[in-house]
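Engineer: What follows is each chain in one-letter form.
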Amino acid sequence: MDSNTNHTGITRRRFLKDGVLLPLAVAIAGGGVSTIFLRRADARGFYLRPPGALEERRFLAACIKCGKCAQACPYDSIRMAGAGAGVAIGTPHIIARETPCYLCPDLPCAKACPSGALDGKLEDVEKVRMGTAVIVDRENCLSLRGLRCEVCYRQCPLIDNAITILPRHNQRTGVHSIMEPVIHRDKCVGCGICENACVRDKPVIVVMKSPPEQKDYYEF
Amino acid sequence: MELNRREFLKASAAAAAFAAAGASVLNPKLSVAGDAGIKWGKAPCRFCGTGCGVLVGVKGGKIVATKGDPAAPVNRGLNCIKGYFLSKVLYGKDRLTKPLIRKGDKMVEASWDEAMTLIASKFKESIAKHGPDSVAIYGSGQWTVFEGYAALKLFKGGIGTNNIEPNARLCMASAVTGFMTTFASDEPMGCYDDLDLGDTYFLWGANMAECHPVLFSRMIDNRLKNPDVRIIDFGTRRTRTSQMADQYIRFNPQTDLALLNAIAHVIIKEKLYDESFIKKHVAFKKGKENIGYGLEDKFKFADDPKPISFDDYKKFVEKYTPEYASKLSGVPAAKIVELARLYADKKRKVNSLWTMGFNQHVRGTWVNNLVYNVHLLTGKISRPGENPMSLTGQPSACGTAREVGTFTHRLPADMVVTNPEHRAKAAEIWGIDVKRIPDKPTYNATEMFRALDRGDIKVIWSQVTNPFQSLPHLNRYRKGARKGDGRFVIVSDIYPTKSTEVADVILPSASWVEKEGFFGNAERRGQQWFKMVDAPGEAKSDLWQTMELARRLGHGNLFPYKYAEKEIFEEYRKFTSGGKDLAPYEAYVKARGLRWPVVNGKETLWRYAEGHDPYVKAGEGVKFYKNKKDDGRAVIWARPYEPAAESPDKQYPFWLCTGRVLEHWHTGTMTGRVPEIKRAYPAAVCEMHPDDAKRMGIKNLQKVKISSRRGTIILPVDLNGRGKAEKGNIFVAFFDETKLINELCIDAYCPISGEPDYKKCAVKVEKA
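Chains E and H, in that order, are what the protein sequence lines are.
Be aware that the first sequence starts at 1076, since it is given in this note's numbering, and climbs by one per residue.
Be aware that the second sequence starts at 10, since it is given in this note's numbering, and climbs by one per residue.
These are calculated hints, taken from the structure and not from any lab test.
This one's a predicted model, so the numbers in the text were calculated from it and none came from an experiment.
Relax, there's no trap hidden among the hints.
Derived CB-CB ranges, DEER-like:
1. E:Ala1158 - H:Lys708: 35 to 45 Å
2. H:Gly339 - E:His1259: 29 to 39 Å
3. H:Lys344 - E:Asn1236: 19 to 29 Å
If you only want the chain E side, here are some residues facing chain H, beta carbon under 7 Å, derived:
4. Leu1222
5. Cys1224
6. His1251
Here a beta-carbon is modelled for each residue, glycine too, at the ideal position from N, C-alpha and C.
Work out the full structure: start from the sequences and follow the hints.
Structural biologist: The structure is reproduced here in structure tokens:
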């Protein structure tokens, strides 16, 4: 992966300095600028699938496009992809900025799936992995500018797990702290509530395809 | 990314130069054009009592932008998310622009002349038939100083009734009576600098992280710089504040009374008190006990303070052993001892901060007294970096409601109608016969709406507030307003609200920088702003509305002003000398606020403290000079634990607590019009403990029916939200006008302050 591209204006060094996980930074840098706009699918064709979806290629193979998951969703979060979706036409997906997944405790969408494209045996919403939230536009994030926003954090259904607050000294004012929302990829389920709630015109926090885990021996 | 230090200093210097250039520059009409043709003027934020400074950007007669004011000492350029969207709160699509008069079930557009003629005729008719106490005005801590003053002067000095109340009665009346009974002068001795200078912060019933966001980030920054800083959050609900505190001390609702007495018990037993401070500065008193809950109409209470000795007080707190308080509160006895020692630690600079958990409390005055007791025992008061500090919720609850005194019993600057000298002083400044000012208080806010329900009040005018969403036991008062039989409700507001729904006349008001204004924040800082844009349509300021009614009622002579705002301020200022001194109007035009008393152009950071407060003489150290009755001493009160008005039982097994969230302000009439905020936090939820939910088979997000003896509401449960209810408790925010949680709240109030308890009543929860 090309780790030096800088479409989002976030340099690799800046990320490391701010203590964000390296693999995540790499993933974002590759993500491309279009991801910060309201999107059906991102630059690499990422669709936010309903909870319990198989890996994308297997999902496309398994999904019979019956729409039962969408019917089961009490919030109308799940919609069927239109003509622009190419091979994914007719498959269920979620546009978080419009209506995110609210993580029903009994996951009625996955249970309704007759084909196994969604894992009906999934019981625990915390095990859902639809994607990973990422702050893609730090310069436009109000919290990172020292304002007391943190809407993404307070609305996170896994508050204090998937997103935590890292307070640090605000050098600009000298007497306030910056409350930085920090996303933890091992806990984030990718429901998109943060992306939906972000108060900026273009959400600065969006759900992206979860980056692959990269194991090493550092445990801090 | 972020401005670096150098750029920031540059920006601050520009802002400072802007400030130094004075009035003409700050008046946007005259200010120089900015980059994009935006003219900037200064104003305090419209929302909470923190009083953040903002710069308001105007272009083409509209507010196009706001930004935190880097030169404002409170916030230094920051805002919370509500302040960020200030430019949008005035531009909701359904802004009221024309007076509306009820014709049957319809509200019909009318001219100002028609509306004011009708209002004046209703006032005249009611006064002639039923006397002046049949008309009333209900305002708020969002009144500018000028608006509050004009309403007070018209009702007390013109119409001749004490039927004036602010919604601050629902919000900080207990803080007022706490200050008055302990220090004989309202408002804190400390200021926000204590957030930077202290090292120990006890929070009581205050979710600062959400309700005073900018101050919270200031306190947290203090801890980032100083690893010795400790933040202890006492609460009945785990909040975002608890999450960032060093310790969260969960206690059973209402038992803060026992906990504070137990802390005093330990301080006395272990001789951790400051004997010489007590000898010099403290008197001891005891008042009535078993004082009731104000549940009956026309409830009356008068305390009967009796002096006692330090030994008597020691005997009084003997009962409050850590073990006894532990049994009531659920806080381990050893923890109470540990925290009492922390309070008394001579090496520590200790602050207490509180908000509605203390004030909205059927023993709100007592619990305010009790926290002062601890500070007075240890002498940790009126010193830089260590003070008890009552935080406020409205932008001018202090400046207007409390300092101007828009309560039934008050006159400006700590004066009261029951005192003949005070009435004489007011009459002299107002140029009226002293007999005009009635000497008996009438109704506190709850009683005022009970009187409307009974029909004792016929005509009521609500300005800058939304009582028919914010009152407790709402069903009764909403119905009462529509009972007819001569009742006439006037509501001035900027949007349709739950209150305009019950109105007979709706008047469109100008808001915030659509008029000239003056607010006073929680640290005694008065802040002035100019009118920057015209109000939409025919909307007019509440000041104009009040003075127009005065003119039509034949009291126009009370308001002989050419430049009303400034002249009212200068007239009001005459009341404030002797400890609450305000500076001349021009000084506020130039400054980013000044903290009173302002004497010889110098503001006061710490009241009652030598070297800071100009009224404390050299050598006195600390002097509570306002309490002349007790020889300049503050009072330690023997106040017992007494139970809540309504506690959970078999039928209604849960405590219900209500409150706010960061995104929305109070009844949400302004923040609810900002689409971004509405999307971020669209609707109220019911916070519940997961164990309680599991026991009842309730899943997250499932709808539940919550009922009290007064009302029922259906809401989705939130088992893992920003606030985490303790077992046996639920919490619901009150901003959502489609889910009126206040219908469930009990209208019991503190007999001394008259402030209702929105934090405690009994409810049941069922699957909906």
